[in-house]
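Line by line, the protein sequences are chains A and B.
Residue 154 in full-length UniProt numbering sits at position 154 of the first sequence, and the numbers go up by one each step.
Residue 96 in full-length UniProt numbering sits at position 96 of the second sequence, and the numbers go up by one each step.
The reader is advised that the hints may include incorrect statements.
[Unchecked claim] Label pairs and their in silico Cβ distance ranges:
1) PRO117(A) <-> GLU172(B): 22 to 28 Å
2) PRO117(A) <-> LYS10(B): 26 to 32 Å
3) GLU91(A) <-> ALA168(B): 53 to 59 Å
4) PHE13(B) <-> PRO117(A): 18 to 24 Å
5) PRO28(B) <-> PRO218(A): 38 to 44 Å
6) LEU68(B) <-> PRO68(A): 47 to 53 Å
7) SER167(B) <-> SER130(A): 25 to 31 Å
8) PHE13(B) <-> GLN114(A): 20 to 26 Å
9) ILE132(A) <-> LEU238(B): 44 to 50 Å
10) LYS19(A) <-> ALA168(B): 58 to 64 Å
11) ALA129(B) <-> SER130(A): 27 to 33 Å
Read the hints as simulated data drawn from the structure, not as lab findings.
This one's a predicted model, so the numbers in the text were calculated from it and none came from an experiment.
Heads up, the beta-carbon is just placed ideally off N, CA and C, and yes, glycines get one too.
The primary structure of each chain is shown beneath.
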Amino acid sequence: MNYAFDFGWLLDYWPVLVKGIAVTLELTLVGGVLGVSLGVACAWARALGPGWLRPVVAAYVELIRNTPFLIQLFFIFFGLPALGVRMGELEAANLAMVINLGAYGCEIVRAGIQATPKGQFEAGASLGMSRIQTFWYVVLIPALQRIWPALSSQIVIVMLGSAAVSQIAAEDLTFAANFIQSRTFRAFETYFVATLIYLALAIALRQGLRGLGWTLFPKRTAR
Amino acid sequence: MSLIEITEVKKRFGNNEVLKGINIDVAPGEVIAVIGKSGSGKSTLLRCINGLETIDEGSISVAGAQLLPDELHLKALRLKVGMIFQGFNLFPHLTAGRNVMLSQMVVKKTPKAEAEAMARRQLERVGLAHKFDAYPDQLSGGQQQRVAIARALAMQPIALLCDEITSALDPELVSEVLAVVKELAGEGMTLMMVTHEMRFARDVCSRVVFMHQGRVHEIGPPEEVFASPKTPELQQFLGVTH
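Only chain A is shown next, with the shape it has when bound in the complex:
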């Protein structure tokens, strides 16, 4: 092997990488917060909501979970303008991620809701709480606690999946890596660095979500 490694380009291109990281983080933050919110709302609708709403949400969930993320993204960015719905690449990327995480999050959160003992609903009702109040104050937090590890994994998957948005020229980390590679022809070094950054981001995100879990769900016992 007589390939000479050269990471000298990092000196010139680090601002591009930093901007890419910032975009990836922004997409993950918006996608994570809004996506989980949408997932919770859909989980409520599918598990406890009015009868007419359940098939609507089920159709959305199945549509998203059975099609590729890239196609969803292309449909939003390239397809919707035909109907007069135009948006920039970042908005399209954000929207696609929210819709995608919303569907997967829905199924995960729903599992948590359905594992709630019947007595919790009855206790809420017997104290005069409405069904919505019981869901919000009694059922939701323990349900999220039950599925938090699974939900965290899904958020990390969505963060990594955001690499696809480079295909609509949203300037995320993958876009930055492609850009640098096309200028320097240092494919190995560029994607090696991108890999390390994604790895670090994913580990940091996992730790962050674990920490968030500790604050959201104060530990109950020293078991």
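Assemble the complex: chain A is given as a structure, and chain B must be docked to it using the hints.
Only chain B this time, still in chain A's reference frame:
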């Protein structure tokens, strides 16, 4: 005037009629024990009274609040009658104090400070003032059930329904819960309890309802019901449990 009026109540689960025309009137301050074999409909009756089950025929009202299936009427009814369950059903993510505060704040919109003061009073009443900040799974079964009683009391109901509230407890914990109930009875709270604690029913209750196959089979003051049961079913039931 009766506080709880149960009139010709019928309830079916599919083809299985579990309540076949129940009539019971409960006066204010009365303590009613509902006894009977499992499957006799006693728990279902209790659950109907605060609308956890719908009824197919007849009517139920508590202090003028009618049992009707819409959320507004159910809420009005449930504000008058609290319920305590066999399995405690405390909210696991909230401390004992928060368990008692939650419904006051959410349902009655009581300000937090007031709800907290009420929670402390009610926990004190059941002997658990020192457990305000403990989570349910740090409490024994008996303590959890007493928190559940405090939680129901904090809503200031006119009557309390107790559905086999000591059945899930270890024998040595039963008495601490019954002591609380006995105190409530002494203070004039209207109570209707499904129970297997015959001695407690005999000592504390003003009337005993014996249910059999979805009907009120015998009803009367405990000294009559326990000392001279009229029907062979009750004689057999008491023979089995004594």
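Status of each hint after checking the structure:
Between PRO117(A) and GLU172(B) the CB atoms are about 25 Å apart, so this pair conforms to the stated range of 22 to 28 Å. Our hint of 26 to 32 Å for PRO117(A) and LYS10(B) holds, since their Cβ atoms are close to 29 Å apart. The hint said 53 to 59 Å for the Cβ distance between GLU91(A) and ALA168(B), and at roughly 54 Å that hint holds. The hint said 18 to 24 Å for the Cβ distance between PHE13(B) and PRO117(A), and at roughly 20 Å that hint holds.
For the hinted restraint 38 to 44 Å between PRO28(B) and PRO218(A), the CB-CB distance of approximately 42 Å keeps it satisfied. Checked against the hint of 47 to 53 Å, the pair LEU68(B) and PRO68(A) passes, with Cβ atoms roughly 51 Å apart. For SER167(B) and SER130(A), the hinted distance range of 25 to 31 Å is satisfied, since their beta carbons lie about 29 Å from each other. A hinted range of 20 to 26 Å for the beta carbons of PHE13(B) and GLN114(A) is consistent with their spacing of about 22 Å.
Evaluation of the 44 to 50 Å hint for ILE132(A) and LEU238(B) yields a pass: the beta carbon distance comes to about 46 Å. Range check, LYS19(A) to ALA168(B): about 60 Å between beta-carbon atoms, so the 58 to 64 Å window is met. Between ALA129(B) and SER130(A) the CB atoms are about 30 Å apart, so this pair conforms to the stated range of 27 to 33 Å.
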